[in-house]
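> Take a look at the letters that make up each chain.
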Amino acid sequence: MAMVAAIEAQSDYKFPYLPESNAVGEAGQSLRSDSETDLRDFLLGSVFWQRTRLLQRTYSKLQDLSMLRSNWDSYGAPSPNRNACDNALRILKSMKLADLEVLNVVPSAEGGVGFCFKKLDRYADIEALNDGTILGVRYVGMETPVLINVDGSDQSISAGLEEIRNHIGA
Amino acid sequence: MPHYKRAPITEALIDIRTEVSELRFEDLQAIRKSLSDYPKEETRTLDEFKFQLGTEVQAASQRRPWALLFRNQENNQVVQFRLDGFTFSRLEPYETWERLSSEARRLWGVYRQVAGKQKIARIAVRYINLFKLPGDKVEPEEYLNIFPQVPQTLPDELRNFGPFAMSLPMGQPDLKGVLVINERNALMAEPGIVPIVVDFDLYVDDPVVSGEDELWAFFQRLRERKNLYFEACITDKTRELIS
Chain B
3 MAMVAAIEAQ SDYKFPYLPE SNAVGEAGQS LRSDSETDLR DFLLGSVFWQ
53 RTRLLQRTYS KLQDLSMLRS NWDSYGAPSP NRNACDNALR ILKSMKLADL
103 EVLNVVPSAE GGVGFCFKKL DRYADIEALN DGTILGVRYV GMETPVLINV
153 DGSDQSISAG LEEIRNHIGA
Chain H
4 MPHYKRAPIT EALIDIRTEV SELRFEDLQA IRKSLSDYPK EETRTLDEFK
54 FQLGTEVQAA SQRRPWALLF RNQENNQVVQ FRLDGFTFSR LEPYETWERL
104 SSEARRLWGV YRQVAGKQKI ARIAVRYINL FKLPGDKVEP EEYLNIFPQV
154 PQTLPDELRN FGPFAMSLPM GQPDLKGVLV INERNALMAE PGIVPIVVDF
204 DLYVDDPVVS GEDELWAFFQ RLRERKNLYF EACITDKTRE LIS
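From first to last, the protein sequence lines are chains B and H. Be aware that the first sequence starts at 3, since it is given in my numbering, and climbs by one per residue. Be aware that the second sequence starts at 4, since it is given in my numbering, and climbs by one per residue.
Hints are not guaranteed to be accurate.
Quick list of in silico lysine-lysine cross-link-like pairs, DSBU-like style, CA-CA up to 30 Å [said to hold, decoys possible]:
#1 B:K95 x H:K140
#2 H:K36 x H:K122
#3 H:K179 x H:K120
#4 H:K8 x B:K98
#5 B:K98 x H:K140
#6 B:K95 x H:K8
#7 H:K179 x H:K122
#8 H:K140 x B:K63
#9 H:K140 x H:K240
#10 H:K229 x B:K121
#11 B:K63 x H:K43
#12 B:K121 x H:K43
#13 B:K95 x H:K36
#14 B:K98 x H:K135
#15 B:K98 x B:K120
#16 H:K135 x H:K120
#17 H:K36 x H:K120
#18 H:K43 x B:K120
#19 B:K98 x H:K229
#20 H:K120 x H:K8
#21 B:K120 x B:K63
#22 H:K229 x H:K179
#23 B:K120 x B:K95
#24 B:K63 x B:K95
#25 B:K95 x B:K121
#26 H:K135 x B:K95
#27 H:K135 x H:K8
#28 B:K98 x H:K43
#29 B:K98 x B:K121
#30 B:K63 x H:K135
#31 B:K120 x H:K135
#32 B:K95 x H:K240
Here are the in silico distance ranges between beta carbons for each label pair [what the hints assert, rightly or not]:
#33 B:G154 x H:R224: 46 to 52 Å
#34 B:D66 x H:H6: 42 to 48 Å
#35 B:R92 x H:Q152: 54 to 60 Å
#36 H:K140 x B:S158: 31 to 37 Å
#37 B:N168 x H:L157: 38 to 44 Å
#38 B:T135 x H:K140: 49 to 55 Å
#39 H:Q61 x B:Q52: 47 to 53 Å
#40 B:D88 x H:T156: 36 to 42 Å
I should point out that these hints are in silico values taken from the structure, not numbers from a laboratory. For each residue, glycine too, the CB sits at the ideal point set by N, CA and C.
Turn these sequences into a full structure, and let the hints guide you.
Okay, structure coming up:
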């Protein structure tokens with residue numbers, strides 16, 4: 003008997019989720035209320051579990067984006083390819099709870115995956131493009147955007163996220 | 004318990020929940036001036052959703068501020084001051100129980116100054132361990148003494164399992180509490196590693212403690228109990244891995 007990290011040949015396998023209920027109806031509402039209380043107790047205070055929960059949700063969004071078809075925006079945008087999704091996953095792995103809390107994941111019109119961070123008028127994004135490059139940019143309000151240097155290495159991704167964290171104030 | 008050089012603790016926390024009182028979110032703002040070593044601040048909100056069935060269906064949602072969260076410059080210490088209590092977390096790298104509990108006690112004092120002396124409804128000590136077990140698949144009994152049992156009558160090739168999640172509440176009659184062992188795969192494994200989270204969450208509802216010294220002595224007992232379970236749950240091979 004062996005414990006494994008992932009099951010091969012089951013690409014659609016969903017990672018076991020933290021307890022959440024999506025039941026509907028009156029009885030379902032009561033179930034959901036109990037489930038939400040359980041979930042709140044489980045997550046309350048723990049930075050690790052809160053990060054895990056947000057990571058799960060973001061990972062799920064990333065999986066959805068990887069299934070987009072070309073021309074998803076009706077303006078001919080290419081779908082995110084394997085290069086972009088693999089790099090997006092590397093970026094995601096480096097994120098801390100503070101990053102995930104102000105994060106939105108979107109497909110890039112140039113082909114790829116974009117992670118957008120926003121707090122009040124402070125904005126930053128980091129994009130994993132289909133050609134394998136990673137681009138980052140940050141700005142405040144209507145000011146001129148500042149490029150974030152990311153050369154694709156794990157260290158530069160971590161440094162880029164740190165720069166974003168400081169910029170956003172996360 | 005021996006001191007492990009590469010302790011797998013990814014988060015250790017002390018949590019104190021109080022009975023809901025007249026405390027308002029605005030009152031928590033005064034905490035800020037006592038936290039110069041925690042420069043990063045966030046407001047946490049609570050979503051409330053009301054749904055009423057009848058001749059007409061009515062629904063209303065409300066988001067209200069609920070807690071202030073502060074992080075230190077290194078992002079490895081996080082404290083939450085809520086309307087119903089307080090949590091202090093130490094993230095990696097873990098130091099010692101003495102440092103964890105003394106900082107938690109100091110911050111609890113800050114909370115008490117602002118919130119007043121409310122009745123304590125629940126206390127908890129929680130240690131979340133992340134074991135990075137080498138290999139693409141591992142025999143659980145080599146590393147852990149607690150894991151899901153798969154019937155031995157099944158053919159060998161059908162007994163592999165994972166990713167998995169297991170939650171095991173265990174009563175602690177002498178402490179009048181519950182220790183929940185949450186064991187599961189961590190998200191997004193690196194190649195050649197099976198990452199397993201073993202989370203020991205020991206809590207006591209309505210603890211019978213009179214005074215601060217007794218409260219913190221009781222936390223020490225919870226920590227000792229957690230250590231007992233930790234040592235019982237790992238094998239010598241895991242001890243080698245983290246020593």
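> Are there hints from earlier that the structure breaks, and if so, what are their numbers?
10, 13, 16, 20, 31, 35, 37, 38, 39
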